[in-house]
Amino acid sequence: DQVLHIVPETFQQVQHLQHLCSTLPLDLWKPLLPEDIWAGEDLHIRVPAPLVEEVKDSLDQHMISYKVLIPDVQELVDQSMPKERSSQRQVPEGYVYTQYHPMEEIYQWMTQIQKSNSELVTQHYLGKTIENRTMYCLRISQPSDKTKKIIWMDCGIHAREWISPAFCQWFVKEILQNHKSDPKISRFLQNLDLYVLPVLNIDGYIYSWEKDRLWRKNRSPHMNGTCYGTDLNRNFDSSWGSIGVSYNCSSEIFCRSGPESEPETRAVAQFIKRKKSDILCYLTIHSYGQYILTPYGSTTKPPSNIEELMHVAEIAAAALMGKYGTSYEVGPTALILYSNSGSSRDWAHTIGIPFSYTFELRDKGTHGFVLPPDQIQPTCEETM
Amino acid sequence: DIDDVGHKYHLELVLEDVLDKDSTVNCTAEVLYHLGNKNIAPDVQFTIEGELKNTDEADNIFYNRIKSLEKELVAENIPDSHGNVSPEMEPIHLLAWVASGYVIWQNSTENTKFQLAQIKHVKQVKRSDEYLEFDYMILLHEMVSQEIIPWQMTVLWHPQHGVQVTQDSRQPKHA
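Keeping their order, the protein sequence lines are chains G and F. One point on numbering: in the UniProt record's numbering, the residue at position 274 of the first sequence is 274, and numbering is uninterrupted. One point on numbering: in the UniProt record's numbering, the residue at position 137 of the second sequence is 137, and numbering is uninterrupted.
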């Protein structure tokens with residue numbers, strides 16, 4: 001972007017400049033409004049980068065002389081706000097939820113969130129990943145004398161789906177920021193406990209930041225380290241290994257040697273099993289595709305409560321669409337997407353959790369896994 | 001179902017301009033997937049209701065910009081890890097999108113769903129004629145297998161003559 005300095009000499013020039021301001025997305029720095037442009041007076045105008053040539057051509061054509069006041073606005077902005085990767089960034093008050101964060105920052109964020117909201121939030125140990133990293137989830141619970149039903153949500157089971165952990169973080173922030181002011185949220189917390197696992201596949205997520213942006217699986221070595229990674233969403237104990245999988249390690253949907261073979265799967269499964277009688281709803285967040293998926297993926301035979309599952313999902317999809325018009329398809333995985341076995345969603349339902357859904361967030365393939373950060377906010381807002 | 005021939009689908013769809021979401025155009029199409037030999041691309045017939053936007057001005061600006069470069073254009077990772085595409089690379093991105101559409105069509109069956117995931121690498125190839133030539137290495141994402149498939153494609157483009165994929169080949173995945 002550039003900022004141009006112009007001193008219009010005639011009324012015709014003023015008119016032309018006003019015309020440019022009304023037809024193009026130009027940013028008037030001085031004066032404030034096009035109607036205050038006068039001949040003989042200074043004009044400072046910021047021109048977005050893609051329009052610079054066009055605007056200069058137009059000024060030339062109308063014999064309007066100009067000087068480039070600022071040749072690169074972004075450079076100036078960067079200079080004035082040095083990007084710090086120090087602890088400053090991790091403080092939730094300064095935490096930028098509209099950017100993607102590496103795992104180190106997410107760990108720090110979890111600690112901070114717990115510290116600054118200790119009446120509501122506790123951090124719980126789930127287990128260790130194959131590369132020995134610690135898995136934590138956050139529990140948001142309003143103290144009460146009655147036992148509450150639980151809603152569990154995990155994000156980031158597939159490393160490349162960055163919008164998913166971004167959503168879990170956004171979700172936590174929204175709940176904590178608005179639990180007193182928003183009656184819906186406050187009623188929610190009176191009756192329910194929330195468990196949020198921001199990144200399930202921690203090793204994979206880190207690998208997608210450092211080595212291969214489109215990595216999907218975890219990082220467990222196979223065949224003496226000649227091949228890596230099990231698809232954690234094919235590794236759960238629900239018709240494991242039967243359909244929509246591969247027994248070949250080089251495949252993205254490698255289900256490995258048996259159900260819960262992976263430490264990450266075991267950590268989550270054990271935790272959920274222990275609390276399953278209180279868990280009302282299991283949510284697992286993925287991208288992309290814009291779907292709300294119900295069980296099952298391993299068979300087209302519908303689960304016993306399919307009508308209720310569909311009804312709730314359809315209400316959710318309608319609410320989601322109400323925000324920005326984004327349309328989500330709703331239905332059983334095997335019918336509207338593809339067959340798969342060993343998914344966490346199917347498993348949750350088979351152990352007795354009545355409401356179990358996979359959310360596939362934006363988009364529909366235009367950006368796919370590499371969703372630009374300016375879509376984090378709208379995606380999270382509508383999903384909320 | 002068409003006996004001994006294959007499966008034919010009749011589609012009614014709405015095309016949306018990627019650069020202008022409010023600009024849409026209705027389209028009807030017939031797609032025939034051939035039985036047996038999966039190496040033949042599906043047959044596609046289509047009609048568009050109305051006209052597509054004229055892009056001559058933007059095309060010429062891009063064409064002239066590339067023609068006037070002193071060194072051949074080279075770039076990688078479009079979009080970058082965070083999903084960003086710089087404004088200068090946007091036309092290169094769009095061109096890859098169109099060209100990958102051809103590659104996807106040629107390699108689609110009833111059981112595949114491909115999307116362009118990322119441009120890994122692009123290199124402009126100097127030509128003595130008026131065409132622009134780009135050698136792309138792209139990554140295609142296949143939804144059912146979830147595989148990321150590297151694919152090389154050579155793309156020719158000219159504002160008046162449109163896009164052509166003159167060569168393309170699937171690449172082996174790295175170990």
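It is possible that part of the hints are untrue.
Derived pair list, reagent style DSSO-like, types lysine-lysine, alpha-carbon separation capped at 27 Å [unchecked claim]: (1) G:Lys211 with F:Lys113; (2) G:Lys301 with G:Lys180; (3) F:Lys8 with F:Lys67; (4) G:Lys276 with G:Lys149; (5) G:Lys323 with G:Lys301; (6) F:Lys71 with G:Lys364; (7) G:Lys146 with G:Lys128; (8) F:Lys71 with F:Lys53; (9) F:Lys113 with G:Lys301; (10) G:Lys211 with F:Lys21; (11) F:Lys53 with G:Lys211; (12) G:Lys364 with G:Lys323; (13) G:Lys276 with G:Lys184; (14) F:Lys71 with G:Lys56; (15) F:Lys38 with G:Lys146; (16) G:Lys364 with F:Lys67; (17) F:Lys71 with F:Lys8; (18) G:Lys364 with F:Lys120; (19) G:Lys67 with G:Lys115; (20) F:Lys8 with G:Lys364; (21) G:Lys364 with F:Lys126; (22) G:Lys211 with F:Lys126; (23) F:Lys71 with F:Lys120; (24) G:Lys56 with F:Lys53; (25) G:Lys115 with G:Lys275; (26) F:Lys173 with G:Lys364; (27) F:Lys71 with F:Lys38; (28) G:Lys275 with G:Lys323; (29) G:Lys184 with G:Lys148; (30) G:Lys56 with F:Lys67; (31) G:Lys149 with G:Lys173; (32) F:Lys173 with G:Lys323.
A short list of chain G residues far from chain F (calculated; beta carbon distances all over 10 Å) [unchecked claim]: (33) Asp27; (34) Asp237; (35) Ser246; (36) Val370; (37) Glu382.
It is worth saying that the hints were derived from the structure and are not from the lab. Ideal placement from N, C-alpha and C gives every residue a C-beta, glycine not left out.
### Query
Which of the listed hints are broken here?
Violated: hints 2, 3, 5, 6, 7, 8, 10, 11, 15, 16, 17, 19, 21, 22, 27, 28, 32, 35, 36.
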